[in-house]
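*Asks:* Sequence:
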Amino acid sequence: MTFLPASGLAQEMVSTVPSVAPMRILAKDAPTVDGVLDEEVWERATKLGKLTQVEPVEGARPTQKTEVLICFDEDALYFGFRCYDDDLGSLRATQRRRDSNLDPDDSIEIVIDPFLDRRNAFWFQISPGGARGDALIVKNGSQFNKRWDGIWSGRSSIGSDGWFGELRIPFATLNFTADQTTWGFNMRRFIRRFDEEARWATPDIESRFFYISDAGNMTGMSGLSQGLALDFAPFLVGDWGVETESGGGDGDGKTDLEAGFDLFYSPTPESKLSVSYNTDFAETEVDSTQVNLTRFSLFFPEKRDFFLEDSGAFFFGPSQGDSRVLPFFSRRIGLSSGEEVPIVGAVKYTGQTESGTFGVLNASMDSATTSDGPISGQNLFAGRYSHNLDKDSDAGILVTSGDPDGLDSNAVTIGLDWNWRTRTFNGNESLRMSAYAIGASNDPDSDVDGLPLALHGSVNYPGDELSLQASVTYVDDNFNPAMGFVSRTGIKKYDAEFELSPRLNGHEWIQQLGFSIEPTLYTNTANELQSLEMDFKLVEARLHSGDRISLEVQQDVEILDEGFNIVDLVEVLPGRYETTRVGARFRFAPRREVSGRASVFVGDFWDGTRTDYRTSIDWRPGPWGSFRLGYERNELDLADGSVDIDIASLRSDLNFTPDVSWSNTLQWDSVSDAASWNSRLWMILGPGRDLFFVVNSGWDAEGSDLVPVGTSVAIKVGYTFRL
602 MTFLPASGLA QEMVSTVPSV APMRILAKDA PTVDGVLDEE VWERATKLGK LTQVEPVEGA
662 RPTQKTEVLI CFDEDALYFG FRCYDDDLGS LRATQRRRDS NLDPDDSIEI VIDPFLDRRN
722 AFWFQISPGG ARGDALIVKN GSQFNKRWDG IWSGRSSIGS DGWFGELRIP FATLNFTADQ
782 TTWGFNMRRF IRRFDEEARW ATPDIESRFF YISDAGNMTG MSGLSQGLAL DFAPFLVGDW
842 GVETESGGGD GDGKTDLEAG FDLFYSPTPE SKLSVSYNTD FAETEVDSTQ VNLTRFSLFF
902 PEKRDFFLED SGAFFFGPSQ GDSRVLPFFS RRIGLSSGEE VPIVGAVKYT GQTESGTFGV
962 LNASMDSATT SDGPISGQNL FAGRYSHNLD KDSDAGILVT SGDPDGLDSN AVTIGLDWNW
1022 RTRTFNGNES LRMSAYAIGA SNDPDSDVDG LPLALHGSVN YPGDELSLQA SVTYVDDNFN
1082 PAMGFVSRTG IKKYDAEFEL SPRLNGHEWI QQLGFSIEPT LYTNTANELQ SLEMDFKLVE
1142 ARLHSGDRIS LEVQQDVEIL DEGFNIVDLV EVLPGRYETT RVGARFRFAP RREVSGRASV
1202 FVGDFWDGTR TDYRTSIDWR PGPWGSFRLG YERNELDLAD GSVDIDIASL RSDLNFTPDV
1262 SWSNTLQWDS VSDAASWNSR LWMILGPGRD LFFVVNSGWD AEGSDLVPVG TSVAIKVGYT
1322 FRL
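Going by this note's numbering, the sequence shown opens with residue 602, and the numbers climb by one from there.
None of these hints come from the bench; they were simulated from the model.
For each residue, glycine too, the CB sits at the ideal point set by N, CA and C.
Hints are supplied without guarantee of correctness; some may be wrong.
To be verified - Cβ pair distances, simulated, as ranges: (1) M1135 <-> S758: 50 to 60 Å; (2) L1286 <-> Y685: 55 to 65 Å; (3) L899 <-> S1217: 12 to 22 Å; (4) L1130 <-> V1318: 49 to 59 Å; (5) F1322 <-> L1105: 21 to 31 Å; (6) G978 <-> L1286: 51 to 61 Å; (7) L1170 <-> L1130: 50 to 60 Å.
What the hints assert, rightly or not - With a straight-line Cα cutoff of 27 Å, these simulated DSSO-like cross-link-like pairs (lysine-lysine) come out: (8) K747 <-> K904; (9) K666 <-> K648; (10) K1138 <-> K1094.
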C-alpha cells in the first residue's frame, strides 16, 4: 500500500516527538538475518532510547532490559532486538507459523510511517518462537489489515540471557518519496507472563499503539532505492476433484491445470497498479461454520489476498459503529448466492496525493451457471476517494457499479462519508465522530419512488476508564447495495454504550473492573417499535493473571409482523415477545499452555426458552504445534417444538519450521448434519515464494455413518520476481 506525504501538521510534530536517526551502512556490511546478532555492524548500529511501561503499571520501568538496534543501506532497513530475560523458563514462545496470533507469546512489534502522514503505517512483528507477521494500519487504527503479506525477512533465536531477533525490510516493500527523509516510527515489547507492554513513543494508557499520530520519528532516511518498483508473481495451480454419487456426482474425477499471474507496479512512489489474470484463491482459508438463529443475513469476512491487498484505500465509514451496512464488500466479487463464479481478471489502482487517498477496482467475472440459473459475464467496478481534512479527519465518496448476481448490470451505489478524529480531546484523549449517506439504485424498472438510502451518524469516546458511544442509523426498506452488504433493512436504529472501567491500582489480583449498559432500539421507518435490546454487564473482572470473568443480563422486546423459521426446524409466530437471559463469560489468559474461552446463557427465547453453551480450548505445547477444540450447543424449547443445535470444530497447526506449516480444520454441525475437512500445507521457499498443497473433503451423515460427498486437491506454486 502507498501512503501520503507529510502534511504541514506532521512536519510541525517533528520537533515535539521522540526521534531516532538510524546509522547508514554499506551493503557489504549488512547483517545476515539469522536471529543471531553476532555481526560487527550491530555494535555500531544506532540504539533506540529507553522503553516505558504502558501495562500493567503506566509509566513504570520495564521489568526486563531491551536493546533495539537500527541501521540501513541503500536497499533495506535493518532491526536488531536484544530482549534480555532473567527467567527463560517463563518465556512464552509457542508460535512459529507466519501470521500467527501472538497474543500467547512474548513479541516485538514495530510500525513504520514512511510518508509521515500520521495516519497510515506498515506493521511488523516477531516472536522468540520464530513467528512473524505484518499488516497495514489505515486511518490511525480505524482498520488493521493483517492479511497483507509484504516481502521481507525476519529470524529469532533464544540464548542464555534472553531472546534475539533480526528483521530486514526492503525499501521496495515500503512505499516512500525521496524528499521525505523523516518517517514515523514506534515499537513495543510484550512480556506475556506479566501481561507487560513497554513502548518507545507515547507510553500513555489513553494512547493505543495503532494511533499512528502518536508515533515518534525516524530521521535521515535519504539515498534509498526501490529498484523498478515492479513485482511479477506468476503461479501455477493443479486442481483435482471428485464428487461421489451421494454428493450428486457420478464419482468420476476431474483434473485442471491453470496458470495465471499477479503483477504489482508503482508508476509513482505514491501509487500502485495491481493486475491479476485468471485470479485464483486455492490457498484461501475456509470460513468458520455458523448456524443462523436469527431472521437476518450472516456476515462472513473477506479472506482473499488480492482483495485484501490495499483494501484500506476502499475503507468507508467509521472504525466503530454500524459495520453491517457496507456500500462495498469485496467478498461479493466472484460469489453469487454463495456459489463461486470464475474471475477472469482484475485491475486495481490505489495511491495517494497530498490531499487524500484513492482506489479504483475493476473485476471481470466469467459467465457461469449457478443453482439460481445462468449468470452472464460482466464487469464489476468500485471507486473510492477520501480527502484529508484538518489533522486526522477525512471525507470521501465511494461508487460501485454492477451486480455479482447478474440481475442488474446497471446497478449503482454511491456513498458519502465524513470522519472526524482527535487525539487532543480533554488533553490527551481520543474523540471520534462519523457520518455517512449511501444511495443504492439496483433496479431502474422498479416502482419504488426515489433512491433507497442508508444514513448513519455516530460519536465515540474510547477512554480507558470511561468509554462512551452513541449512533443512529437509518436504512430504507428497499435499500440493497448490489456490491455491498446490509443485514437489516427498513429500520431506524438507535444505539448507545456506556462503560465504566476503574483500575484498582495496587490490588493483589484484580487489575480492572468493568460495568456497562448498551441499549439498542430498532423501529421501522414509520417509527413503530421492532426491537429493544438492553445488554447489561453487571461486572467484569480483569485479573493481573490475564483471566477475565463477567456476569451479564440481556433483556429484549421483539415485535414480529411476520413469522419465520429457525434453521427450517421450528417456527416462530408473529406477535410481541419480551425475554430475559442471564449468563457468564470466562476468558483464560492465552499465555498459559492451556487456555480458552467459555460462556453459558440461559433464559427466554421467543415463545420458549434457550440455553446455549460455547467453549474453545487452546493447547499450545510448544512452537512446533497448537490445537484448538471448539464446541457450541444451543438447546431450544419453543412452542412449535424443541431442537438441539450443535457445532463442533477441531483445528491443528503443525509448524515444522517458521517457513513450513501444516494446518488442518475439521468442522461439523447438526443442522446440515455434514462434516468438512480443510488441510493446507504452506511452504515459504523464500520472501515472495510460496508453495501450497490444499485438500478439501466433505461428508454427509446417513444414520450412524459418514458418507463422503466429494474431495478436491489443489497444488499452487507462486514465485515473485522483484525488479
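*Asks:* All hints are to be evaluated individually against the structure, with a verdict given for each.
*Replies:* Verification of the supplied hints:
| no. | hint | result |
| --- | --- | --- |
| 1 | M1135 <-> S758: 50 to 60 Å | holds, 53 Å |
| 2 | L1286 <-> Y685: 55 to 65 Å | violated, 34 Å |
| 3 | L899 <-> S1217: 12 to 22 Å | holds, 19 Å |
| 4 | L1130 <-> V1318: 49 to 59 Å | holds, 58 Å |
| 5 | F1322 <-> L1105: 21 to 31 Å | violated, 57 Å |
| 6 | G978 <-> L1286: 51 to 61 Å | violated, 35 Å |
| 7 | L1170 <-> L1130: 50 to 60 Å | violated, 28 Å |
| 8 | K747 <-> K904 | holds, 10 Å |
| 9 | K666 <-> K648 | holds, 13 Å |
| 10 | K1138 <-> K1094 | holds, 21 Å |
Checked against the numbered hints given earlier, this structure breaks hints 2, 5, 6, 7; the rest are met.
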